[in-house]
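Novice: Letter by letter, the chains look like this.
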Amino acid sequence: MDSAPSPSLDVATPERVSLSLPVAGIGYRCLAYLADLFILFVFWVIAYFTFTLLVSDVIGFFQGLSGLAQTLLVVGVFATQWVYWTAAEVLMDGQTPGKRLVGIRVVRVDGSPVGVLESAVRNLVRVVDSLPLVYAVGVLSVLLTRQHRRLGDLLAGTLLVREERIDLDKYTAPATGSVALPAAAHAERLTSEDVELILSFLTRAPELEPQARARLGTKLVERYGGLDEAGRATVLASPQSTEAFLRARVQTER
Amino acid sequence: MAAPLPAFVTRRRPDWDALKELLDRQRAGTLRLGELRTLDVLYRRAAADLAHAQTFYAGTDVHRFLNQLCGQAYAAIYQPPRERLASTLAFFRQDFPRTLRANGAFVAASAGLFLLGILLGAVVVLLEPRGAELLVPEHLRDFIARKEMWTDGILTVSPPNAVASGIATNNLTVTIVTFASGILLGLGTVFVLINNGVHLGSVAALCVHEGMGGKLFDFIAAHGPVELSIVVIAGGAGLMVGQALIDPGELPRGQALALRGREAVKLVLGCAPFLALIAVVEGFVSPGDFFSSWVKASLGLALGGFFWLYLLRAGRGGAGAGAAS
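Residue numbers (full-length UniProt numbering), protein chains in the order written: chain A, 1 to 254; chain B, 1 to 325.
To be clear, the hints were calculated from the coordinates, so they are not data collected in a lab.
Yeah, the Cβ is synthetic: ideal placement off N, Cα and C, and Gly gets one too.
Any given hint might turn out to be false.
Partial chain B-side listing against chain A, Cβ under 10 Å, derived [unchecked claim]:
no. : residue
1   : Pro4
2   : Leu50
3   : Leu119
4   : Leu259
5   : Arg262
6   : Ser293
7   : Trp294
8   : Ser298
9   : Ala302
10  : Gly305
Listed next, the stretches of chain B that the computed footprint assigns to chain A, with coverage defined by at least 3 CB atoms under 8 Å from CB atoms of chain A [unchecked claim]:
no. : region
11  : 6-19
12  : 59-66
13  : 99-110
14  : 250-258
15  : 265-273
Based on the provided sequences and hints, a complete structural model is requested.
Specialist: Next up, the structure:
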């Protein structure tokens, strides 16, 4: 494998196919952490406001609480700090709400889902990773290890993989535009890289600047169209016809 | 020659979509038994498609999509067995005490370090009382100078169950830190153990020196044995982690670490409920003079005795069956 920009987790399955899952780097991890932090924060803010709205004499209320209620309160605060992460990861297949939002997942180094023990290890070691402040140790560890793992991950034998939302519709989208466009006459076969290039242009075309859209479309038509002068002029008349032609060019490739 | 990419996608996509839907159903827990076979078939087909894509369409979005799809299916199919309540019981009946006995050397080393700290703290303060200014925190020295126990005040501020829950969470934090800092080559654990030992030893020595030894004994007698045992066990777990880092043996360091980490955390998780129980004792029994010193001491000895009896005896029967699992 060449020096890939983003590392991956390679798993050899019993089916003799090797999977290669993209590993989540420090950006994804930070985002997910902030999202979780935000969720906990919002929870406490809401809890605080509903509480103060319902109870006018806060201090008196706490003193009046039965011993059991006070104990439960302390244990509850403790739980949000320690148990939230592990409980979420175990119940939600390796994702906390924040991780689900960002689209990353904790897995073991062999690609299987995490269990209670692994999740407990990586979340107990959180206390060391967050030393001395703002997760400095964890950040260093993520930056220095090949698969971006913090100390907790190293000890638990886990890592975070990314889940991308890949849209396959672009491959099967029907060729639009009923205008009779000249078919590619003497075109050679497209390689899958060429198909990928054309499709990524077609996906992005509606958001491009008009000039860039026309320029890139022209280049692609010239390169893959295999048209004569007259055909090219018809195709390049408008961005819509250019893209319809390119779409058809990819689709007829069967 | 491979089919062009769009043709390949158009032809195979229905199967992928079906697999994806089944995986969603599996995750939601609504998968029916009959669909399992379909899931298996579809997974194998997708794996074959992935192999095909790796060869002919490497680096395309289809390749990435299939990687991810197969990764999810692989995770769903080759799942490790789930931990349930029954296995929680088995954990406390057998797994936890056995793990502890198997790693007794580490717990012993941890106990040694802790004792070393206690001795250091005590000897320094007894030989040179002014050393207490260095080792004992100022607010404690103030209390001792006034011949009061700092723990007497606890119950006048809040009721015993609030004290107990506060103590429980505090002790849990100490235990977690003792274990987790083992990841720093074990040095963190060594430091925490010795540091806590020195703290305890110097405070005790200062109390004895000021003629308050009886009061201190009165306070720690009931909960001390179990609580200190748990700190020592957590220290043992931290040392296990440190040892795996320094001397991984025949495994690569990363694998050794993951393997030992799984073992070591069992010691910490196993201790958690006992820590909660002992905090109840520390909150209700230890402070004040409602119970006499002798009641407290015998309670402490009994609790400590039971705890270690459990750790050393539980799950011994059928050890052969346990070793196989």
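Novice: Under the criterion of a CB-CB separation shorter than 10 Å, is Leu119 (chain B) in contact with chain A as hinted?
Specialist: violated, 27 Å
Novice: Min Cβ distance, Leu50 (chain B) to chain A: is it shorter than 10 Å?
Specialist: Status holds, d = 5 Å.
Novice: Can you tell me if the region 99-110 of chain B counts as covered by chain A, using C-beta to C-beta distances under 8 Å and a minimum of three residues?
Specialist: violated (count 0)
Novice: For the hint on Trp294 (chain B), does the least C-beta distance to chain A fall short of 10 Å?
Specialist: With Cβ-Cβ at 27 Å, over 10 Å, it is violated.
Novice: Would you settle whether the hint for Ala302 (chain B) is holds or violated, based on the nearest Cβ-Cβ distance to chain A being less than 10 Å?
Specialist: Hint on Ala302 (chain B): violated, closest Cβ of chain A at ~24 Å, above 10 Å.
Novice: Mind taking a look at whether chain A covers the region 250-258 of chain B? Criterion is 3 or more residues with CB to CB distance under 8 Å.
Specialist: Contact hint for the region 250-258 of chain B vs chain A: holds, 4 residues under 8 Å.
Novice: Tell me whether the statement that chain A covers the region 265-273 of chain B is true, taking a Cβ distance below 8 Å and needing three residues at minimum.
Specialist: With 4 residues closer than 8 Å to chain A, the region 265-273 of chain B meets the three-residue bar; holds.
Novice: When I compare C-beta atoms, does the region 59-66 of chain B have three or more residues closer than 8 Å to chain A?
Specialist: holds (count 6)
Novice: Given Gly305 (chain B) as an interface hint, is the shortest Cβ-Cβ distance to chain A below 10 Å?
Specialist: violated, 27 Å
Novice: Using 10 Å as the Cβ threshold, decide whether Ser293 (chain B) counts as touching chain A.
Specialist: This hint is violated: Ser293 (chain B) lies away from chain A, its Cβ roughly 25 Å from the closest one there, beyond 10 Å.
Novice: Are Ser298 (chain B) and chain A close enough, Cβ to Cβ, to be under 10 Å, as the hint says?
Specialist: Violated: closest Cβ of chain A sits about 26 Å from Ser298 (chain B), beyond 10 Å.
Novice: Identify whether the interface hint at Leu259 (chain B) stands, where standing means a beta carbon of chain A within less than 10 Å of its own.
Specialist: Since chain A brings a Cβ to about 8 Å from Leu259 (chain B), closer than 10 Å, the hint holds.
Checked against the numbered hints given earlier, this structure breaks hints 3, 6, 7, 8, 9, 10 and 13; the rest are met.
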